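Novice: Sequence:
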Amino acid sequence: MKRMILIAVVMLMFGWTIYEFVFTSNEKSAPKEKEAAAQQGTYSLEVEESDKVGILRGELAPDFELTTLDGEKVKLSDYRGQRVMLNFWATWCPPCRAEMPDMQKFQNTKDVQVLAVNLAETESDPSNAQRFVDDLNLTLTVPVDEESVVSNEYNVIAYPTTYMIDSNGRIQFVMMGAMNYDFMLQQFEMMQ
Numbered sequence: 193m194k195r196m197i198l199i200a201v202v203m204l205m206f207g208w209t210i211y212e213f214v215f216t217s218n219e220k221s222a223p224k225e226k227e228a229a230a231q232q233g234t235y236s237l238e239v240e241e242s243d244k245v246g247i248l249r250g251e252l253a254p255d256f257e258l259t260t261l262d263g264e265k266v267k268l269s270d271y272r273g274q275r276v277m278l279n280f281w282a283t284w285c286p287p288c289r290a291e292m293p294d295m296q297k298f299q300n301t302k303d304v305q306v307l308a309v310n311l312a313e314t315e316s317d318p319s320n321a322q323r324f325v326d327d328l329n330l331t332l333t334v335p336v337d338e339e340s341v342v343s344n345e346y347n348v349i350a351y352p353t354t355y356m357i358d359s360n361g362r363i364q365f366v367m368m369g370a371m372n373y374d375f376m377l378q379q380f381e382m383m384q
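Note that the sequence shown covers residues 193 to 384 in our numbering.
Hints are computed from structural coordinates only; laboratory data are not their basis.
Treat the numbers as computed from the prediction; the structure is a model and nothing was measured.
Glycine is no exception: its CB is placed at the ideal position from the N, C-alpha and C atoms.
A hint or two may mislead.
DSS-like, lysine-lysine: derived pairs with alpha carbons at most 25 Å apart [unchecked claim]: (1) 302 with 265; (2) 244 with 267; (3) 302 with 267.
Taking CB as the label site, the calculated pair distances span [claimed, not checked]: (4) 243 with 382: 18 to 28 Å; (5) 327 with 245: 35 to 45 Å; (6) 243 with 373: 25 to 35 Å; (7) 250 with 350: 14 to 24 Å; (8) 263 with 243: 29 to 39 Å; (9) 245 with 195: 48 to 58 Å; (10) 195 with 318: 34 to 44 Å; (11) 255 with 293: 25 to 35 Å.
Input sequences plus hints: build the corresponding full structure.
Specialist: Written out as structure tokens, the structure reads:
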């Protein structure tokens, strides 16, 4: 029985390794292909703007109101006119922890407002988020999504998930997974 479990675990790890290799290879080649296609006029890197409210690129980001860890009410619409990085995270998520210092640096060095929405319903202890913020010396605005209403509206299925929203309130980029500082800068430069 133990041998079967060990074999199953090894097979799962092998399958995951193959998946990561193939997926990562495709991700690295896709931007180059799109850039080449854009130069030939067959693909547009521009985001088509829409007046529709939704969670796709070019759509107006759905408004919401949440309370921050500091007890203040924040609405996404309060930040209209500014570029916003809307990030959904949890304290138990290692990639979330890894990208937080870069998010802090990003907000400190660029004209962008980071809204780091804590997915409180997934936390084992409600005070984990405040301890996390204190441990990393973060000064980001941290709204708390206690009942997952906002994360459901934004269809958050992976942690972290980030939406880059331009100064007109339109979604310019969506990322499932952690980002580093350089990648944040790259996406920032593409927004108005």
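Novice: With reference to the structure, classify each hint as holding or not holding.
Specialist: Status of each hint after checking the structure:
| no. | hint | result |
| --- | --- | --- |
| 1 | 302 with 265 | holds, 24 Å |
| 2 | 244 with 267 | holds, 19 Å |
| 3 | 302 with 267 | holds, 21 Å |
| 4 | 243 with 382: 18 to 28 Å | holds, 21 Å |
| 5 | 327 with 245: 35 to 45 Å | holds, 36 Å |
| 6 | 243 with 373: 25 to 35 Å | holds, 33 Å |
| 7 | 250 with 350: 14 to 24 Å | holds, 21 Å |
| 8 | 263 with 243: 29 to 39 Å | holds, 34 Å |
| 9 | 245 with 195: 48 to 58 Å | holds, 55 Å |
| 10 | 195 with 318: 34 to 44 Å | holds, 43 Å |
| 11 | 255 with 293: 25 to 35 Å | holds, 29 Å |
Violated hints for the displayed structure: none, as all numbered hints are satisfied.
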